[in-house]
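**Student:** Spelled out from the first residue to the last, the chains are:
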Amino acid sequence: DQQVKQNSPSLSVQEGRISILNCDYTNSMFDYFLWYKKYPAEGPTFLISISSIKDKNEDGRFTVFLNKSAKHLSLHIVPSQPGDSAVYFCAALGGSNFGNEKLTFGTGTRLTIIP
Amino acid sequence: DGGITQSPKYLFRKEGQNVTLSCEQNLNHDAMYWYRQDPGQGLRLIYYSQIVNDFQKGDIAEGYSVSREKKESFPLTVTSAQKNPTAFYLCASEENYGYTFGSGTRLTVV
Chain H
1272 DQQVKQNSPS
1282 LSVQEGRISI
1292 LNCDYTNSMF
1302 DYFLWYKKYP
1312 AEGPTFLISI
1322 SSIKDKNEDG
1332 RFTVFLNKSA
1342 KHLSLHIVPS
1352 QPGDSAVYFC
1362 AALGGSNFGN
1372 EKLTFGTGTR
1382 LTIIP
Chain Y
1431 DGGITQSPKY
1441 LFRKEGQNVT
1451 LSCEQNLNHD
1461 AMYWYRQDPG
1471 QGLRLIYYSQ
1481 IVNDFQKGDI
1491 AEGYSVSREK
1501 KESFPLTVTS
1511 AQKNPTAFYL
1521 CASEENYGYT
1531 FGSGTRLTVV
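Residue numbers (the numbering used here), protein chains in the order written: chain H, 1272 to 1386; chain Y, 1431 to 1540.
Rather than coming from a laboratory, the hints here were simulated on the basis of the structure.
The model shown is predicted, which means the values in this text are computed figures rather than measured ones.
Please note: incorrect hints may appear among the correct ones.
Claimed, not checked - Dumping the calculated EDC-like pairs for lysine to aspartate or glutamate here, alpha-carbon to alpha-carbon at most 20 Å:
id, chain 1, residue 1, chain 2, residue 2
1, H, K1276, Y, D1468
2, H, K1276, H, D1295
3, Y, K1487, Y, E1499
4, H, K1276, Y, D1489
5, Y, K1487, Y, D1468
6, H, K1325, H, D1302
7, Y, K1513, Y, E1445
8, H, K1339, H, E1286
9, Y, K1439, H, D1302
Only chain H is shown next, with the shape it has when bound in the complex (with noise of 0.2 Å):
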């Protein structure tokens, strides 16, 4: 049962356009969201997060947004560098009834920045 969804496992966008990256969480109890960048062979690094009481929040070329009502948040990446190809990750924290706060894994996107 997956509780967090990135529908799309791979995106190519064009340097210095918009990235936009999308996950889904059908867990309510989620309260807060973050953001992981991922290169092959190594650990995930941090990029983002939200909670789950805001909508929005801005980091230099990285913005997530949220909506709960239709449990969505997006990750949008402007402008996109060659840099930033890599696997992103959407992670949820909360989701327990037991008070343990283990992140909740999507399934990847892999982002390919085109020169």
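Fit chain Y to the given chain H structure using the hints.
**Tutor:** Chain Y in isolation, oriented as in the chain H frame:
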């Protein structure tokens, strides 16, 4: 520098052998986690430990075992009971919802 060290980076084992993956952290974090990455499946939680001498099963614990005898160390043993052990394994530690990941171990069973 504080961080998490996973070793080795690549590991090859014969089918039917147990193998132990190392994870060490010097961040003084109480919580530690093991995830497995497979293509198209994201990162799935194997085991986690909130404190020394305590650990809990994650979503896919079958065929794995862990120990947490020291705060700094959370080794994962992939046993011969694990049906599909070939994967990329990631260890993480966490404090106040801030996760730090190791660089991973790619295990290949031949």
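**Student:** Broken hints, numbered, in rising order?
**Tutor:** Failing hints, ascending: 8, 9.
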